[in-house]
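Taken in order, these protein sequences are the chains called A, B, C and D.
This note's numbering puts the first residue of the first sequence at 97, with every later residue one more than the last.
This note's numbering puts the first residue of the second sequence at 97, with every later residue one more than the last.
This note's numbering puts the first residue of the third sequence at 727, with every later residue one more than the last.
This note's numbering puts the first residue of the fourth sequence at 727, with every later residue one more than the last.
Hints are not guaranteed to be accurate.
Calculated pairs, SDA-like style, for lysine to any residue (alpha carbon to alpha carbon, straight line, at most 25 Å) [claimed, not checked]:
| hint | chain 1 | residue 1 | chain 2 | residue 2 |
| --- | --- | --- | --- | --- |
| 1 | D | K864 | B | G223 |
| 2 | D | K890 | B | A215 |
| 3 | A | K320 | B | D298 |
| 4 | A | K167 | C | I768 |
Taking beta-carbon pairs under 7 Å as the criterion, some of the chain A residues facing chain D (in silico) [said to hold, decoys possible]:
| hint | residue |
| --- | --- |
| 5 | A104 |
| 6 | A108 |
| 7 | G112 |
| 8 | G212 |
| 9 | G223 |
| 10 | G237 |
| 11 | D239 |
| 12 | E261 |
| 13 | P299 |
| 14 | V319 |
Just so you know, these hints were derived from the structure itself, not from any lab.
The structure displayed is predicted, hence computed values, not measured ones.
For every residue, glycine included, the Cβ atom is placed at its ideal position computed from N, Cα and C.
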Amino acid sequence: MSDRKIYADATAALDGILTNGMTLMSGGFGLCGIPETLIEAVKVAGVKGLTVISNNAGVDGIGLGVLLESKQISTMVSSYVGENKMFAEQYLNGDLEVVFTPQGTLSEQIRAGGAGIPAFYTKTGVGTLVAEGKEVKNFDGEDYVMERGLTADVALVHAYMADKEGNLVFRKTARNFNPMMATAGRITVAEVEHLVEPGEIDPDHIVVPGVYVQRIVHVPNPVKHIEQRTTRTRNQVA
Amino acid sequence: MSDRKIYADATAALDGILTNGMTLMSGGFGLCGIPETLIEAVKVAGVKGLTVISNNAGVDGIGLGVLLESKQISTMVSSYVGENKMFAEQYLNGDLEVVFTPQGTLSEQIRAGGAGIPAFYTKTGVGTLVAEGKEVKNFDGEDYVMERGLTADVALVHAYMADKEGNLVFRKTARNFNPMMATAGRITVAEVEHLVEPGEIDPDHIVVPGVYVQRIVHVPNPVKHIEQRTTRTRNQVA
Amino acid sequence: MAWTREQMAQRAAQELQDGFYVNLGIGIPTLVSNYIPEGMEIQLQSENGMLGMGPFPYEGEEDADLINAGKQTVTELPTTSYFSNADSFAMIRGGHINLSILGAMQVAQNGDLANWMIPGKMVKGMGGAMDLVAGVKKVIIVMEHTAKGEPKLLKTCNLPLTGKGVVDMVITDMAVFKFEKDGETNMKLIQLADGVTLDDVKEATEAEFDVAL
Amino acid sequence: MAWTREQMAQRAAQELQDGFYVNLGIGIPTLVSNYIPEGMEIQLQSENGMLGMGPFPYEGEEDADLINAGKQTVTELPTTSYFSNADSFAMIRGGHINLSILGAMQVAQNGDLANWMIPGKMVKGMGGAMDLVAGVKKVIIVMEHTAKGEPKLLKTCNLPLTGKGVVDMVITDMAVFKFEKDGETNMKLIQLADGVTLDDVKEATEAEFDVAL
Numbered sequence: 097m098s099d100r101k102i103y104a105d106a107t108a109a110l111d112g113i114l115t116n117g118m119t120l121m122s123g124g125f126g127l128c129g130i131p132e133t134l135i136e137a138v139k140v141a142g143v144k145g146l147t148v149i150s151n152n153a154g155v156d157g158i159g160l161g162v163l164l165e166s167k168q169i170s171t172m173v174s175s176y177v178g179e180n181k182m183f184a185e186q187y188l189n190g191d192l193e194v195v196f197t198p199q200g201t202l203s204e205q206i207r208a209g210g211a212g213i214p215a216f217y218t219k220t221g222v223g224t225l226v227a228e229g230k231e232v233k234n235f236d237g238e239d240y241v242m243e244r245g246l247t248a249d250v251a252l253v254h255a256y257m258a259d260k261e262g263n264l265v266f267r268k269t270a271r272n273f274n275p276m277m278a279t280a281g282r283i284t285v286a287e288v289e290h291l292v293e294p295g296e297i298d299p300d301h302i303v304v305p306g307v308y309v310q311r312i313v314h315v316p317n318p319v320k321h322i323e324q325r326t327t328r329t330r331n332q333v334a
Numbered sequence: 097m098s099d100r101k102i103y104a105d106a107t108a109a110l111d112g113i114l115t116n117g118m119t120l121m122s123g124g125f126g127l128c129g130i131p132e133t134l135i136e137a138v139k140v141a142g143v144k145g146l147t148v149i150s151n152n153a154g155v156d157g158i159g160l161g162v163l164l165e166s167k168q169i170s171t172m173v174s175s176y177v178g179e180n181k182m183f184a185e186q187y188l189n190g191d192l193e194v195v196f197t198p199q200g201t202l203s204e205q206i207r208a209g210g211a212g213i214p215a216f217y218t219k220t221g222v223g224t225l226v227a228e229g230k231e232v233k234n235f236d237g238e239d240y241v242m243e244r245g246l247t248a249d250v251a252l253v254h255a256y257m258a259d260k261e262g263n264l265v266f267r268k269t270a271r272n273f274n275p276m277m278a279t280a281g282r283i284t285v286a287e288v289e290h291l292v293e294p295g296e297i298d299p300d301h302i303v304v305p306g307v308y309v310q311r312i313v314h315v316p317n318p319v320k321h322i323e324q325r326t327t328r329t330r331n332q333v334a
Numbered sequence: 727m728a729w730t731r732e733q734m735a736q737r738a739a740q741e742l743q744d745g746f747y748v749n750l751g752i753g754i755p756t757l758v759s760n761y762i763p764e765g766m767e768i769q770l771q772s773e774n775g776m777l778g779m780g781p782f783p784y785e786g787e788e789d790a791d792l793i794n795a796g797k798q799t800v801t802e803l804p805t806t807s808y809f810s811n812a813d814s815f816a817m818i819r820g821g822h823i824n825l826s827i828l829g830a831m832q833v834a835q836n837g838d839l840a841n842w843m844i845p846g847k848m849v850k851g852m853g854g855a856m857d858l859v860a861g862v863k864k865v866i867i868v869m870e871h872t873a874k875g876e877p878k879l880l881k882t883c884n885l886p887l888t889g890k891g892v893v894d895m896v897i898t899d900m901a902v903f904k905f906e907k908d909g910e911t912n913m914k915l916i917q918l919a920d921g922v923t924l925d926d927v928k929e930a931t932e933a934e935f936d937v938a939l
Numbered sequence: 727m728a729w730t731r732e733q734m735a736q737r738a739a740q741e742l743q744d745g746f747y748v749n750l751g752i753g754i755p756t757l758v759s760n761y762i763p764e765g766m767e768i769q770l771q772s773e774n775g776m777l778g779m780g781p782f783p784y785e786g787e788e789d790a791d792l793i794n795a796g797k798q799t800v801t802e803l804p805t806t807s808y809f810s811n812a813d814s815f816a817m818i819r820g821g822h823i824n825l826s827i828l829g830a831m832q833v834a835q836n837g838d839l840a841n842w843m844i845p846g847k848m849v850k851g852m853g854g855a856m857d858l859v860a861g862v863k864k865v866i867i868v869m870e871h872t873a874k875g876e877p878k879l880l881k882t883c884n885l886p887l888t889g890k891g892v893v894d895m896v897i898t899d900m901a902v903f904k905f906e907k908d909g910e911t912n913m914k915l916i917q918l919a920d921g922v923t924l925d926d927v928k929e930a931t932e933a934e935f936d937v938a939l
């Protein structure tokens, strides 16, 4: 197996594929499973006017918060963006456009985009602001709203492990939006905690087949952030 | 963990849920990964006028071929049914109705049915017999045909391993239609080669979460059939 | 006199049934997990991509890769499975989750629900709430009966909706109401909290309701 | 004189590029895998639910759980991944497979393809063919130039279509044709098989084509 998909670092992995005004997808849920090293490299690259599709927008100084700070993002497509002062500021003064999308609609739109499905119908949001201006159709007596598939010029994802063919696996809830986004990027770049030879991952366990992954960067031992550290004490009954 | 989902045998697992004229889904591709023991139990139950959604229709005497022989099936929804004399006979004399559906449309319809999506658009079949009488819509300059989601009263699936919670994993290409069908049955019954306690399957490896599986029957060491035994000899170059 | 947050959660827990798959929102709904009856098998779903959610970890055992939809650190159980967010909402949208318990800003007498935005204020987004109320089989709202003395159970919601006609039951600190999704039957008062009278409820409620105590 | 089945497969193999993901139909297309140039990394997709398909197993090593879309026993490679049929066609429909090589009954000069049914004869079904031709980036048809002396390259297909305007290239035992999907440009003859003349091709072809040898 050649190393054709392997790049030395995040900057190399993004070389030549970033442009002003492009659409990026960025995996993760909150700060869990975000492609943090790749996001930092987008900052270094300095591209502006980005449309970013991501469930959340990071927090100040971490994840997409970094690209908000540097004012590289002009539009966010997200379901929830509560944890970010920078976000609130830019949103309220009109520097940042936000397309709020129900979380399940967003993930299905991304899955549809990757799967060549231009549109689908869902009950979610019928009769709410979300359905305004969209086609509503009745099936078997119930109304559904039509939602479009979403793709991106480049998808940035985080995986626990990749083999050199680009087969990916994820760890626990760090899976979240990463698998669908990997399928919906015209170019998908994965930062991975572990990089192994083909054959080292059981083929029954692979979540994202290598066909979806064009570029891989190995980021061992990344710092992982916890947004809400909730614990119980040993003498507490669960 | 209780044994609430575990049934002693295939007949017990189907008790009380089979009715004449019902819609069944049956997993498998060719004879690979078919719920053969459950199909035999449907024969014993003797319900008639079944609509069966299955990619193929078995072969004479094996899998759904058994239910064709017993004339329990009135409609098949399939992508390919080539390997079955009984099928050809009943089809040509009008005893059996067949809805031919492109394979990818069929599997996506089943996935959609399980996911609460009543309809989606696909390029597949535009301008062909398959699109006749269906809504065609143009997105971004290209035509797509609308296809409906599919559900079933009961889905019969085959899995390699289950835990008692109903979490399922599959082996190699025996996965095929089984995972989507598990999601699309109002009641899903799984026959499994191995039955283990919860926690014995790595939660990152689970393909079908237990919420989709209502009944489980343990069928150790099932006979598996090969339709096209193709081999190479040791001195042959691959 | 009225129910405490814990008592509201306890009342909501009475709606659980053995074998249920349940999604709990943040706030009071989260407390419901403390009142699952002994011996009852309930699997909690977390919409980010997990079924079979365990309690918070012991101090020092937090795992940044293992959080719930509220971004809180949680733990794994023997029954746990992980999946993508799309698969998670396929489960929700497809009607495979039995019960969702959520908070609310307003509920209308026809079952309309508003719990995601206040025009003019900073909007954080609806997260998964719109999908949950549209997809889950039964939706229970647990909320204070009033906000700053103003009723939250209204004839019509005046905040933007999360879902139309989606609520099956409302549990407040004062009472419990049931909704039929037929669009014809009124919402019904079915229970009063300890020490609360029918008149108390009538006074604190704008919505019209039948009494079926 | 014309190309053999092996030579047709060999010609089709010239369209492979390093790193391609390829789906091969049954018949002559399957033979293409024998002519993958040394050192070129090609992953074969099998639409039942497998990427990275290996050769047939050695005798005695057949595994009933490991078959290709033609229901033939195959083997695993280090690069192999397995997935559901829905995920397989998501890959196909989403345009992630670079090349599909298929057989055909008829191809029309506008790129229409017919390869799944003959009215009045027992219909076996289209399997995954309609999805493949609609979804895969490039579709190459490998077929005999004529059937029982009748041309298969037609002005218009008279059999029910598998796809409209989906063919990018046709390789027959006599020649190679290219199609532009612009609906305006004619199909182009770009190569003659060994010992075949332009006149031979003209005589055996009903479709109108430009000559670009």
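Verification of the hints:
Between K864 of chain D and G223 of chain B the CA atoms are separated by roughly 19 Å; this keeps the pair inside 25 Å, and the hint holds. Of the supplied pair hints, the one linking K890 of chain D and A215 of chain B holds, its CA atoms being roughly 23 Å apart against a limit of 25 Å. The suggested pairing of K320 of chain A with D298 of chain B holds, with an alpha-carbon distance near 22 Å, which does not exceed 25 Å. A hinted pair counts as satisfied when its Cα atoms are at most 25 Å apart, and K167 of chain A with I768 of chain C does not qualify at roughly 45 Å.
Using the Cβ-Cβ criterion of 7 Å, the hint placing A104 of chain A at the interface with chain D is not satisfied: the shortest such distance is roughly 19 Å. Contact between A108 of chain A and chain D, as hinted, is not supported at the beta carbon level, the nearest pair being about 18 Å apart and thus beyond 7 Å. For G112 of chain A, the interface hint is violated, the least distance from its beta-carbon to any beta-carbon of chain D being 17 Å, above 7 Å. Given hint, G212 of chain A at the interface with chain D, holds; its Cβ is 3 Å from that chain's nearest Cβ, closer than 7 Å.
Look at G223 of chain A: its Cβ only gets to about 30 Å from chain D, farther than 7 Å, so that hint breaks. The interface hint given for G237 of chain A is violated, since its Cβ lies 27 Å from the closest Cβ of chain D, which is over the 7 Å cut-off. Nearest Cβ of chain D to the Cβ of D239 of chain A: about 26 Å, over the 7 Å cut. The hint is violated. The restraint placing E261 of chain A at the interface with chain D holds, with a minimum CB-CB distance near 4 Å, inside the 7 Å limit.
At about 4 Å, the closest approach between the beta carbon of P299 of chain A and any beta carbon in chain D falls short of 7 Å, and the interface hint on this residue holds. For V319 of chain A, the interface hint is violated, the least distance from its beta-carbon to any beta-carbon of chain D being 30 Å, above 7 Å.
Checked against the numbered hints given earlier, this structure breaks hints 4, 5, 6, 7, 9, 10, 11, 14; the rest are met.
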